Amino acid sequence: MAQKTGKQTYLITRPVYVKNAASVVGPREKAGPLGKYFEAWEDEDFGEDTWEKGESRFVGAALTSLLTKEKVSSDEIDCVLSGDLENQCTASSCGLKDSNIPYFGVFGACSTMGESLALGTLLVDGGGFHNVICMTSSNFCAAEKQFRFPMELGGQRPPTAQCTVTGAGAILLTDTPCKTRITHVTPGIIENYQIKDANNMGAAMAPACASTVKMHLMDLGRTAADYDLIVSGDLGILGGGLFKEIMELHGYPVSNHKDCGELIFDPKTQDTFSGGSGCGCSAVVLASYILREMNAGRWNRVLFVATGALMSPVSVKQGDPILGIAHGVVFENL
Amino acid sequence: MSGNLEHLTEKQYQVMASSKEQKSKLWKDCMMAFLFGGLICIIAQTIKDFLLSSYFAENVYGFDEEGAAAITTMIMVFLGAFLTAINVYDNLGRIAGAGSAVPITGFANSIVSPAMEFRSEGHILGVGAQMFIVAGPVLVYGTSSAVLVGLLYFLLK
Chain A
89 MAQKTGKQTY LITRPVYVKN AASVVGPREK AGPLGKYFEA WEDEDFGEDT
139 WEKGESRFVG AALTSLLTKE KVSSDEIDCV LSGDLENQCT ASSCGLKDSN
189 IPYFGVFGAC STMGESLALG TLLVDGGGFH NVICMTSSNF CAAEKQFRFP
239 MELGGQRPPT AQCTVTGAGA ILLTDTPCKT RITHVTPGII ENYQIKDANN
289 MGAAMAPACA STVKMHLMDL GRTAADYDLI VSGDLGILGG GLFKEIMELH
339 GYPVSNHKDC GELIFDPKTQ DTFSGGSGCG CSAVVLASYI LREMNAGRWN
389 RVLFVATGAL MSPVSVKQGD PILGIAHGVV FENL
Chain C
15 MSGNLEHLTE KQYQVMASSK EQKSKLWKDC MMAFLFGGLI CIIAQTIKDF
65 LLSSYFAENV YGFDEEGAAA ITTMIMVFLG AFLTAINVYD NLGRIAGAGS
115 AVPITGFANS IVSPAMEFRS EGHILGVGAQ MFIVAGPVLV YGTSSAVLVG
165 LLYFLLK
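In order, the protein sequences belong to chains A and C. Plus 88 on top of the position in the first sequence (first one is 1) and you've got my numbering. Plus 14 on top of the position in the second sequence (first one is 1) and you've got my numbering.
Next comes chain A alone, as it looks inside the complex (with noise of 0.2 Å):
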């Protein structure tokens, strides 16, 4: 069972690893720096007559993929964890329909595929669960009709905005020996530090992403080098800057930091701004490059931190701030 080290980082003690991983994106994400690295893409409709029902598509494709990639049937899959950001996660109900596998769906906006993770983790840590597939989902034109404006809206963007990443994500869990081990996972605590544009989201999260990766350090008594990778979820150009501004200023120098939102576009040719963002984003970077660079040798020890901005269109307008979370897992070769 899960052993708390310090204040919010908890030790894997039965081993979790990471069996399989797959990822379905979109278009510009496949034209995007880590094309290469995604097996399958199809238009943000996925064929389907609205956005929503092209999400579900998508997150009925990374799970169809993973099973048949495993060889496993849906029989021994002991439940999957899934969020999205439509209203009330029903991209992941819808997409998950017919899996006939027991479903939580979680939300914890962009960080969800930490969340995710990390109660997979702890499900199969916990000795019930066995196999466990945690997965999340985005789309873009989805993302902008629920939080922005219509996609035929003609207007312009300020460099800070971020560009939701269309795909979904999915990481089968499970408690049989695989290369790559999950050893502990931090929980996020809310932080707030008033920041109300919901045009600027990497500066709403980057403290959240600097608290959690500060108290993960500290609670386990290292410095950001005991690691080959941190890698943030959506931070983007701006609050990847930001947050090792953050870690500096307290101490814990960062040098081996990536994003997901930062790798996923090229901002000069892709008019992305400030990089990618959304559920999705962390989900499908984390399950190609990441894990089969892993898998490949290139880093044997990685922080994900998904990264994540509490807000709802009525709480922006209402001028609520937006709050950050991010949620820590570290992924280990044995």
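Keep in mind the hints are simulated off the structure, nothing from the lab. You may find that some hints are simply not true.
Claimed, not checked - Sample of chain C residues with no beta-carbon within 12 Å of chain A, all distances over it, derived:
1. Y27
2. D63
3. F70
4. V74
5. F77
6. A112
7. F132
8. Q144
9. G156
10. S158
11. L165
12. Y167
To be verified - Within a straight-line C-alpha distance of at most 30 Å, the following computed BS3-like cross-link-like pairs (lysine-lysine) qualify:
13. C:K25 <-> A:K284
14. C:K171 <-> A:K346
15. A:K124 <-> A:K141
16. A:K233 <-> C:K39
17. C:K39 <-> A:K284
18. A:K95 <-> A:K233
19. C:K39 <-> A:K346
20. A:K356 <-> C:K34
On a predicted model such as this, the values are computed, not experimentally measured, just so you know. For glycine and all other residues, C-beta sits at the position ideal for the given N, C-alpha and C.
Please build the complex by placing chain C on the supplied structure of chain A, with the hints as guidance.
Just chain C, lined up with the frame of chain A:
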């Protein structure tokens, strides 16, 4: 101050975040708005001049000034709506900014784009109810201020 970051106060972070913030390229945006906004106006003026020309009057219909203006407006609204429907106006807006938002073509875009987006939620609660989510405030405050100014004009006259 609660939270884990004891060396970072709210004020300090606000300053830090805004100093890092990349600002919009104001001069470039203004120039583009001027060029594209001007271009749209030139197109409209050309249409109006054509409607008022003697060639049009002899061969089709002789418009007076007011009639030609009304028809020109209709044509521009149609063009804005049409370019929205064929997924062009949003790309124009990304480059032109206020240049394509301010003219009446932008107004058409602001009504047609939600109509398209919410069609999936039905004709009543989707298209009907959501059509004015962008243009609604313009209509409300445009009409209100027109009434107010009209009233002032009436009283001062």
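Next on the checklist: Output the indices of the hints that this structure fails to meet, ascending.
Outcome noted: Result: hints 1, 6, 7, 8, 14 and 18 break, sorted rising.
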